[in-house]
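Undergrad: Produce the entire structure from the sequences given, and follow the hints as far as they go.
Residue numbers (my numbering), protein chains in the order written: chain A, 1 to 304; chain B, 1 to 362; chain C, 1 to 341.
I should point out that these hints are in silico values taken from the structure, not numbers from a laboratory. The structure displayed is predicted, hence computed values, not measured ones. Some clues are possibly wrong.
Quick list of in silico lysine-lysine cross-link-like pairs, DSS-like style, CA-CA up to 30 Å [to be verified]:
hint, chain 1, residue 1, chain 2, residue 2
1, C, K305, B, K74
2, C, K145, A, K291
3, B, K116, B, K181
4, C, K305, B, K116
5, B, K134, C, K305
6, C, K145, A, K266
7, B, K265, B, K228
8, A, K197, C, K28
9, A, K73, C, K56
10, C, K145, B, K111
11, B, K212, C, K145
12, B, K11, B, K228
13, A, K245, C, K56
14, B, K11, C, K145
15, B, K134, B, K171
16, B, K74, C, K145
17, C, K248, A, K266
18, A, K266, C, K183
19, C, K28, A, K122
20, C, K145, B, K21
21, B, K171, B, K116
22, A, K245, C, K305
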Amino acid sequence: MSDATQFTPRGPRPRRIFSAPNIFLYGTLTVVAAYYALPLYVMITTSLKTMDEVRAGNIFSLPTQWTIEPWIKAWATACTGINCDGLSRGFWNSVRILIPSVILSISIASVNGYALANWRYKGAEFFFAVLMIGAFIPYQVMLYPIVLVLRAVGDFFGFQLYGTLGGLVIVHTIFGMPILTLLFRNYFSSLPEELFKAARVDGAGFWRIFFQVMLPMSLPIFVVAMILQVTGIWNDFLFGVIYTKPDIYPMTVQLNNIVNSVQGTKEYNVNMAATLLTGLVPLVIYFASGKLFVRGVAAGAVKG
Amino acid sequence: MNTNNFSVQIKDLDLAFGPVKVLRSLDLDINHGEFLVLLGSSGCGKSTLLNCIAGLLEPTDGQIFINGENVTWKEPSERGIGMVFQSYALYPQMTVEGNLTFGLRNARMPKAEIQKRVARAAEILQIEPLLQRKPGALSGGQRQRVASGRALVRDVDVFLFDEPLSNLDAKLRADLRVEIKRLHEQLQNTMIYVTHDQIEAMTLADRIAIMKGGNIMQLGTPHEIYNKPLNKYVADFIGSPSMNFLDGEFKGGAFVKGDVRLPMKGYEFQAAQTPDQAVTIGIRPEHVITGELVANAPVKMEAKVELIEPMGSDTLVWVRVAGEPFRIRVDGQTQLRNRETLTIGIDPARASLFARESEVRL
Amino acid sequence: MTVADTGTASATRVHRRRPRILRNLASKTASIPMVATVLVIFIGCTLWTVIYSFTKSRLLPVPLFETMPLFSIPVPHLLASDGSWDFTLITGLKSSSFVGTDQYDRLWGTRRWIVSIGNLGIYGLCSMTFSLVIGFTLAALLDRKIRFENAFRTIILYPFALSFIVTGLVWQWILNPNFGIQKVVRDLGFENFVFDPLYNDKYVVYGILIAGLWQGTGLVMCLMLAGIRGIDEDIWKASRVEGIPVWKTYVMIVIPMMRPVFVTSVVIIGAGIVKVYDLVVAQTSGGPGISSQMPALYVMDKMFKDQNLAQGFAASTVMLMTVAIILIPWAYFEFGRKKNV
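TA: What follows is the structure, given as structure tokens:
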């Protein structure tokens, strides 16, 4: 018996690396990954080729003559129908839109979520429910009346809102509100309630608890909200087109105008450089943030 | 029936997750029809061992035999085992009957045979009225029974239970414990049962394997484990309230600590000759003699009551022996007062003596 | 309890209890932006659009009502100053602005709208099916305890970080028949190879679909993966002990258990489909001809280009109804049933 056991199975099952299931699994995933990675690769290579090479060559090949000329042109001198100062104008416009929008939308939504989670009042659930439903209303339904509201509010306070940066910031705050409020409400609800009760027993009120108890514990969720908002607002096209004027168009609008402008010859390498430039901010955030990004996008799916 | 001697045999089993060794060259032989309990605190490797037997985890080294057949490389479904999980793992969208038959249907067993097995399992477990219900509509106890039923219909020789009662409340747990014991009496097959609950282990087991850090600390009948723990860990782990330990010296056939001297008369030493050395003595609170019986006790001493914890049927009394806190379990009806001086008696034959360094029974 | 005690107790109660509106005041103040958004934007603006879709508004919204002196009704009432009777006219309201369902009739009589709806139908159906199937399959593959899981997930999800404009422009370039895939394959010797979905009015929707799926399946995969990972590990063990093949476990046990994840995914994908706008603008601008038009493009053109507001309102109201048709059954199943159980 003891001699026989020397040759019988022992330890882990022997496993071939190239077994059929493994080949299928990794094969499929590699093909899929290639499909997803391909456009990024094409963008990068095309943007580094000269126009002659683009015309002659293969979009999947690497550039033979590397050049950063298209990038410079895309940034500084590419033409939309209206002006010829490249994407740089759109980039700075986007930055100017982004910063106040992100700050305002997150401030309002975090306080909102906190009020909904810890200081419920009569009717709070109703407003929250409508807010959630509002997230599913097609924007097109509300676009025009919002123009009127912005005009009316602007007239009332004696300054222009429609067509200015301020108006767009408000619009971003409004449409970011459902998802961000949900995010913060769920987060604050998940914090131990005893903490909130203890703070109340200690005599702290609404704002003191928010700033001194809740905020110090909420850094991760604020980062998630930032990721969500920065990518969302940066990628916005619709609101940018409607609520701003050409000289303050965000980068996406500018990009579309450059690439799809009908004047002149098409410079595909410049177009791809411009496209990549526009996609760079969210891409950097995506690759830098890793799992937090996933958490942010999945937040939309988390039930309240 | 079976020509081989053991139902389940584990030889030299090792399991490591990277650098972490979960099981260390483990050997275990389980007899046909035996109810073996793997007992230990969380992280001791008991569930890991069970999963290895089931084939759900691959060992790093070693062999597993079931009914004399080497199943080390076999799929769980080919090993002739049935398993009951802690969370029951019932398929929520199938009826109870669907849950019982899913594996059999998948194995393309003839309909008549499936019917027969389900009927038998349902009868044994008394779940006939539940067959058309979904798991969501069952109580915890009923779910547990269905989970056992799913193992039962597989008609196998070895049942594996992975903490099957730990999701239930205390009262239900006691009831189902009895049911599982009855099931074993009725089926007479091998059962391997993982738990962290020593009451479950003591009441159910033919033999208990107490595990710690991937090793089996002691394998024995509940009686042996309770009365003759092989090491200090087992002595401490089994019994509630736990054993009193006093560090002292073994000198000239007696345990000595300060002015306390316990001649170890009647104690069954493991070896014929036990040299003098540093030792730890363990005395169970319930083995301390009080009241009128003290008169006949081999060793008597005085102790001052410091704290009284009444628990209904018993009362736990905290006293001080040789300057150390010491628990005594007395009858719940005994009238005691704080700071009262008590005469207690100790029978060295029922104590346990461990070498201080190695913590091994002497 | 003594008399004195009762006195102080009720006295404090009188002092402490503030009127209902003032209780929790800070919380209510903090919620003003949300309440305003809900009332003015989500409810107000939506209703406004729906109402004005029944008018003849073109460049500007028409006034809904005008006063009609002819229909004024004299109402007698007592003058306070001297006690004599006077008659006040309550002005009747009349509207010539409402045109009933004219806008909707015109909408459904417009070829461009019909094409848009058809495109949305095809795009929606394909997008929904493929997103769910591909998303789940990829999630199941990644769930198989593979190496480089993070790398694969990162690659599959990154397009989701990009805007639809960027997505549309990249795929416009890759699908360009003179430079993209078609040319590369032709250069390999297949002279007659044709792959120009964006320039073929029959297949242009599928060209958009390729880009849309590339951008969005990563998210669905992540949702599905989270769903699969949320399933009790013991379920997998049980199915292994019973000898059920892996694929069958996914199909027969895991998918039914993931119903909530599927429902959520359907709602998220559905809401995205109805809104599809930027992608088409970037990729084809609705062309060639009107072959890749979508409802959202129609709405935008009518409202902001063609000076035909009410037509845009009508079209956007139809979009709203479409969403409602998806959303209401979901809300019913999701929230209505919980109360019953």
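Undergrad: So, for every hint listed, does it hold in this structure?
TA: Hint by hint, here is what the structure shows:
no., hint, verdict
1, C:K305 to B:K74, "71 Å, violated"
2, C:K145 to A:K291, "18 Å, holds"
3, B:K116 to B:K181, "24 Å, holds"
4, C:K305 to B:K116, "75 Å, violated"
5, B:K134 to C:K305, "58 Å, violated"
6, C:K145 to A:K266, "47 Å, violated"
7, B:K265 to B:K228, "16 Å, holds"
8, A:K197 to C:K28, "19 Å, holds"
9, A:K73 to C:K56, "47 Å, violated"
10, C:K145 to B:K111, "36 Å, violated"
11, B:K212 to C:K145, "29 Å, holds"
12, B:K11 to B:K228, "26 Å, holds"
13, A:K245 to C:K56, "27 Å, holds"
14, B:K11 to C:K145, "28 Å, holds"
15, B:K134 to B:K171, "24 Å, holds"
16, B:K74 to C:K145, "20 Å, holds"
17, C:K248 to A:K266, "52 Å, violated"
18, A:K266 to C:K183, "17 Å, holds"
19, C:K28 to A:K122, "10 Å, holds"
20, C:K145 to B:K21, "21 Å, holds"
21, B:K171 to B:K116, "33 Å, violated"
22, A:K245 to C:K305, "15 Å, holds"
Checked against the numbered hints given earlier, the structure breaks hints 1, 4, 5, 6, 9, 10, 17 and 21 and satisfies all the rest.
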